[in-house]
Every structure is written in C-alpha cells, then in structure tokens.
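J.: One-letter residues, chain by chain:
Number of protein chains: 2
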Amino acid sequence: MKASTGVEHPHIILQDLVSSRLSPSLMDIKIGARTWAPEASEEYITKCLKKDRQSTSVSLGYRLSGLRVFIGDELGFYKPERDVMRKAGPDDVRLFLMKFVSSNLESELESGSESESKPDCSLAASVYGGENGILSQLLELKAWFEDQTMYHFYACSLLFMFEKGLTSNPEVKLIDFAHVEEGKGVIDHNFLGGLCSLIKFISEILSDTNDLKNGLIEP
Amino acid sequence: MKASTGVEHPHIILQDLVSSRLSPSLMDIKIGARTWAPEASEEYITKCLKKDRQSTSVSLGYRLSGLRVFIGDELGFYKPERDVMRKAGPDDVRLFLMKFVSSNLESELESGSESESKPDCSLAASVYGGENGILSQLLELKAWFEDQTMYHFYACSLLFMFEKGLTSNPEVKLIDFAHVEEGKGVIDHNFLGGLCSLIKFISEILSDTNDLKNGLIEP
Chain A
1 MKASTGVEHP HIILQDLVSS RLSPSLMDIK IGARTWAPEA SEEYITKCLK
51 KDRQSTSVSL GYRLSGLRVF IGDELGFYKP ERDVMRKAGP DDVRLFLMKF
101 VSSNLESELE SGSESESKPD CSLAASVYGG ENGILSQLLE LKAWFEDQTM
151 YHFYACSLLF MFEKGLTSNP EVKLIDFAHV EEGKGVIDHN FLGGLCSLIK
201 FISEILSDTN DLKNGLIEP
Chain B
1 MKASTGVEHP HIILQDLVSS RLSPSLMDIK IGARTWAPEA SEEYITKCLK
51 KDRQSTSVSL GYRLSGLRVF IGDELGFYKP ERDVMRKAGP DDVRLFLMKF
101 VSSNLESELE SGSESESKPD CSLAASVYGG ENGILSQLLE LKAWFEDQTM
151 YHFYACSLLF MFEKGLTSNP EVKLIDFAHV EEGKGVIDHN FLGGLCSLIK
201 FISEILSDTN DLKNGLIEP
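Just so you know, the sequences run in chain order A and B. Here the working numbering is used: the first residue of the first sequence is 1, the next is one more, and so on. Here the working numbering is used: the first residue of the second sequence is 1, the next is one more, and so on.
Note that these hints are calculated values from the structure, not bench results. Among the hints, erroneous ones may be present.
The list cannot tell twin chains apart, which means a pair is met if one copy fits it or any two copies do.
[Stated by the list, open to error] BS3-like cross-link-like pairs, simulated, lysine-lysine; straight-line CA separation at most 25 Å: (1) Lys-184 / Lys-200; (2) Lys-184 / Lys-142; (3) Lys-2 / Lys-50; (4) Lys-200 / Lys-142; (5) Lys-118 / Lys-142; (6) Lys-164 / Lys-184; (7) Lys-87 / Lys-184; (8) Lys-173 / Lys-2; (9) Lys-47 / Lys-142; (10) Lys-164 / Lys-118; (11) Lys-184 / Lys-118; (12) Lys-164 / Lys-213; (13) Lys-79 / Lys-51; (14) Lys-184 / Lys-79; (15) Lys-142 / Lys-79; (16) Lys-50 / Lys-142; (17) Lys-51 / Lys-164; (18) Lys-213 / Lys-2; (19) Lys-173 / Lys-213.
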C-alpha cells in the first residue's frame with residue numbers, strides 16, 4: 001500500500017470498534033498475570049511487576065482497566081473512578097463484572113460512590129449467555145489460545161461491548177497490541193491462564209443468575 | 001487418628017509412588033510460570049522470580065526438575081546432569097520430553113554428554129498416547145483445574161512414571177505440596193497455563209511420531 005508520499009510502506013489499519021454503536025457499554029480487561037515479556041528491560045519489568053502485584057493481575061490473572069455502563073439517555077453512563085478500579089480486589093472485580101450486565105445502577109450515580117445494593121444482573125443471560133454471547137466468544141478465543149504458538153500478547157486487553165435494547169449484540173475484541181512478541185513454538189500460557197480465570201467468573205455469574213431465576217438461590 | 005503418643009492428631013499419609021515399580025522411568029516437571037504465592041515474603045519472591053526467569057518457568061510455564069529413563073538391566077538409567085537440566089531452554093525441554101519416551105539413548109551413556117542423534121520416540125504412542133496414556137491423564141487434570149477454586153499449587157510438580165515392557169502402565173501424579181495456598185474462589189490460572197503449555201508440547205511429540213510412522217514427515 002502506498003503512503004501519502006507515494007512510497008510503498010507496510011501499513012497498520014486501525015478500526016474504530018465502537019463507531020457503529022450509539023451508546024455502547026464497554027469493559028476493558030487487561031489479560032495475563034504478567035504484563036511483561038521475558039526479553040523486556042529490567043527497569044520495565046520492575047515497573048510492570050509492581051503494578052501486576054498491586055492490581056488483581058497476579059491474583060486473578062487479569063485486571064480491569066476501563067468500565068462504563070449505559071444507564072439511560074438522561075442519566076448517561078455509570079463510570080467508576082479510575083482510582084476505584086485501580087484499587088479493586090478480586091471481589092470488587094467480580095462485582096464490576098456483575099454491574100456491567102445490570103440495570104439497577106441508578107443509585108450508584110446518585111450516591112456518587114459505590115452503592116451497597118446488589119447488581120441485578122438482569123442482562124447477564126442476553127450479554128454473557130447465549131450462543132453469540134460473550135462467554136461463547138471467550139470459549140472460542142480460548143480454543144485458539146490452547147493451540148496457537150505464533151504470538152504472545154503482553155498487556156493486551158479484551159474489550160467487551162454491547163448495547164441496551166432488543167438486540168444487545170455483545171462483542172469481544174482483542175485490543176492494544178503494543179507488546180506482542182513472537183511465540184517461538186510455545187503457547188501464550190500467560191494469556192490463556194488469565195482468560196480461563198475470567199471465563200470461570202463469567203460462568204459463575206451466569207449460573208448464579210439462572211439459579212436466581214429458577215428460585216434455587218435467594219436474592 | 002492417634003499418634004504414637006496415644007493423642008489424637010491430624011496426620012498426613014505419605015505414599016511411596018514408585019514402590020510397586022521395578023525400574024521406572026521418571027520425569028519431574030515443576031508446573032507454573034510463577035513458583036511464588038502472592039502472600040510470600042519479598043525475600044522469597046525475589047529468590048523464586050530469579051529462578052523462574054533463568055529457567056523455562058517464565059517462557060514455557062514449567063521447568064524440568066528431574067529425569068531418569070531406564071535403558072536396560074546392564075546399562076541402567078539415562079540421567080542428565082543436574083546442571084544440564086537447570087540450564088535447559090525451551091528446545092532442550094522439548095528434547096528431554098522426547099528422550100523420556102525413546103529407546104535409542106545408549107549413545108547418551110557412552111559419550112557421557114548429550115548426544116547429537118535424534119531420540120526415536122518409539123514409546124510415545126504407548127506412554128504419552130492411548131486412552132490411559134499420560135496425555136489423556138493430563139487432559140483430565142486440565143478439566144479439573146479449569147473448574148476448581150479451592151487450591152493454588154505453587155512450585156508443585158507433576159511426576160510422570162512408566163516402565164518399559166508389555167504394559168508400560170504410564171501414570172501422572174501431582175507431588176510436592178509444600179506451597180499450596182487457598183484458592184479463595186479463583187482458579188489456579190498459573191498452574192493451568194503451564195499445564196496447557198505442557199499438553200501442547202506432548203501433543204506435538206505424539207502427532208509428529210504418528211506422522212513419522214505414516215511417512216508424512218522425514219525422520
């Protein structure tokens with residue numbers, strides 16, 4: 001492909017993933033207990049390792065780096081403070097994953113702080129569940145990561161997207177390729193482990209929601 | 001259970017895993033890119049991290065910590081030097097996994113150093129393959145690790161065992177529980193990632209052996 005100068009250059013084509021969506025709810029999850037490649041500089045490794053240990057990267061195998069949930073045209077978005085997300089522990093992360101698919105977040109906006117009321121997970125079945133849902137897409141990605149040995153994705157994120165409405169059209173995209181390394185014949189066990197851990201949390205939210213619907217557990 | 005003093009005490013029952021075997025071939029593989037628990041002391045973490053980075057733990061998600069392969073009553077065992085194992089890179093580890101199921105290791109003994117000749121993997125199908133083979137047992141273990149959130153196994157090993165003969169009776173055991181921590185509702189993504197990486201290598205050795213047998217690839 002020719003650059004504007006007329007010279008042939010390899011190009012990276014960027015895609016605006018949310019351009020086709022009106023008011024998408026978004027979650028950005030950085031996958032992997034380790035965000036540094038083995039070949040990185042000592043300085044960079046020390047910096048990353050500190051963040052990995054302070055966040056849930058080491059404990060959960062992933063950490064939240066962005067979240068906004070559409071509530072309504074008037075109220076806009078629920079969007080937790082950056083600081084709240086950074087300090088989130090494993091239980092907080094589980095709660096954020098529940099809030100992402102909940103419709104009772106108005107109180108979060110009013111109080112201005114994280115609410116005590118339990119997220120209702122009313123959209124869990126349509127966003128996380130179903131044959132085109134996020135869980136199904138994650139399982140497809142998992143099968144690929146169990147086999148592919150071309151790339152290792154460090155500090156990459158999974159972006160979850162959906163829109164409130166009749167067809168929520170949930171979608172998962174792999175984003176942020178600044179630290180992709182060659183796999184050299186080895187699977188990306190670091191990404192895969194974190195992905196499996198995320199799949200487990202989302203499966204649990206889905207099955208808890210089903211049990212609640214079927215009256216098997218108390219709200 | 002009562003101790004020798006007559007007082008009730010919780011007991012750990014130890015099992016000698018190889019007592020029923022005559023000349024078992026053994027491989028000890030420490031699983032997990034990270035051998036330290038998040039709660040460990042800084043000193044311990046620094047020590048472990050250094051070893052994890054120097055060995056294949058970080059790159060492969062596991063490292064070899066012991067290997068002996070029975071050759072015959074007269075020649076005894078092929079047993080690489082501790083130092084050779086410690087310095088092994090990913091390609092060396094793949095070679096050791098091949099040697100474990102090979103019958104042409106005599107030259108290794110004679111030369112006293114690692115041989116140039118390619119391991120024949122003549123026992124791959126009967127030890128790694130088959131419905132009771134090591135790969136099948138690893139896949140069963142993987143399914144358990146994808147779900148269980150009770151324990152996190154740090155610096156634990158998988159022990160592979162088999163005997164040369166009509167029934168090689170291959171077996172996989174999880175050993176060395178000195179650093180097991182509570183899982184607190186999270187899967188052991190660190191162990192699982194390494195396990196998947198090991199499964200990939202063993203699957204490749206098996207399929208290469210099959211292709212060789214079927215004339216699809218050159219020796």
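J.: Each hint: holds or not?
T.: Checked hints:
Taking the shortest alpha-carbon separations for Lys-184 and Lys-200, only the inter-copy value of 13 Å comes in at or below 25 Å, while the best intra-copy value is 28 Å. In this assembly of identical chains, Lys-184 and Lys-142 lie within 25 Å of each other by CA distance both inside one copy and across copies; the values are 19 Å within and 23 Å between. Taking the shortest Cα distances, Lys-2 and Lys-50 never come within 25 Å of each other, neither inside one copy (42 Å) nor across copies (47 Å). Taking the shortest alpha-carbon separations for Lys-200 and Lys-142, both the intra-copy value of 12 Å and the inter-copy value of 14 Å come in at or below 25 Å.
Proximity of Lys-118 and Lys-142 under a CA criterion of 25 Å is satisfied in neither setting, with 30 Å inside one chain copy and 33 Å between copies. Proximity of Lys-164 and Lys-184 under a CA criterion of 25 Å is satisfied in neither setting, with 42 Å inside one chain copy and 33 Å between copies. For the identical chains of this complex, Lys-87 and Lys-184 are inter-copy neighbours only, at 18 Å across copies versus 35 Å inside a copy, given an alpha-carbon limit of 25 Å. In the homo-oligomer, the alpha carbons of Lys-173 and Lys-2 never lie at most 25 Å apart, since the shortest distance is 28 Å inside one protomer and 58 Å across protomers.
Taking the closest pair of Cα atoms, Lys-47 and Lys-142 never come within 25 Å of each other, the shortest separation being 28 Å inside a single copy and 32 Å across copies. When the C-alpha separation of Lys-164 and Lys-118 is checked against a cutoff of 25 Å, the pair qualifies only within one copy, where the shortest distance is 20 Å, while the shortest distance between copies is 59 Å. In this assembly of identical chains, Lys-184 and Lys-118 lie within 25 Å of each other by CA distance solely across copies; the values are 21 Å between and 46 Å within a copy. In the homo-oligomer, the alpha carbons of Lys-164 and Lys-213 lie at most 25 Å apart inside one protomer (20 Å), although the nearest pairing across protomers, at 56 Å, exceeds that limit.
In the homo-oligomer, the alpha carbons of Lys-79 and Lys-51 lie at most 25 Å apart inside one protomer (22 Å), although the nearest pairing across protomers, at 41 Å, exceeds that limit. For a Cα distance limit of 25 Å, the shortest separation of Lys-184 from Lys-79 qualifies neither inside one copy, at 40 Å, nor across copies, at 28 Å. Proximity of Lys-142 to Lys-79 under the C-alpha cut-off of 25 Å is found in neither arrangement, the shortest distances being 29 Å within a copy and 37 Å between copies. Proximity of Lys-50 and Lys-142 under a CA criterion of 25 Å is satisfied in neither setting, with 27 Å inside one chain copy and 30 Å between copies.
Within a single copy, Lys-51 and Lys-164 get their C-alpha atoms no closer than 33 Å, and across copies no closer than 49 Å, so neither meets the 25 Å cut-off. Taking the shortest Cα distances, Lys-213 and Lys-2 never come within 25 Å of each other, neither inside one copy (57 Å) nor across copies (49 Å). With identical chains, the CA atoms of Lys-173 and Lys-213 are never at most 25 Å apart, being 30 Å at best within one copy and 41 Å at best between copies.
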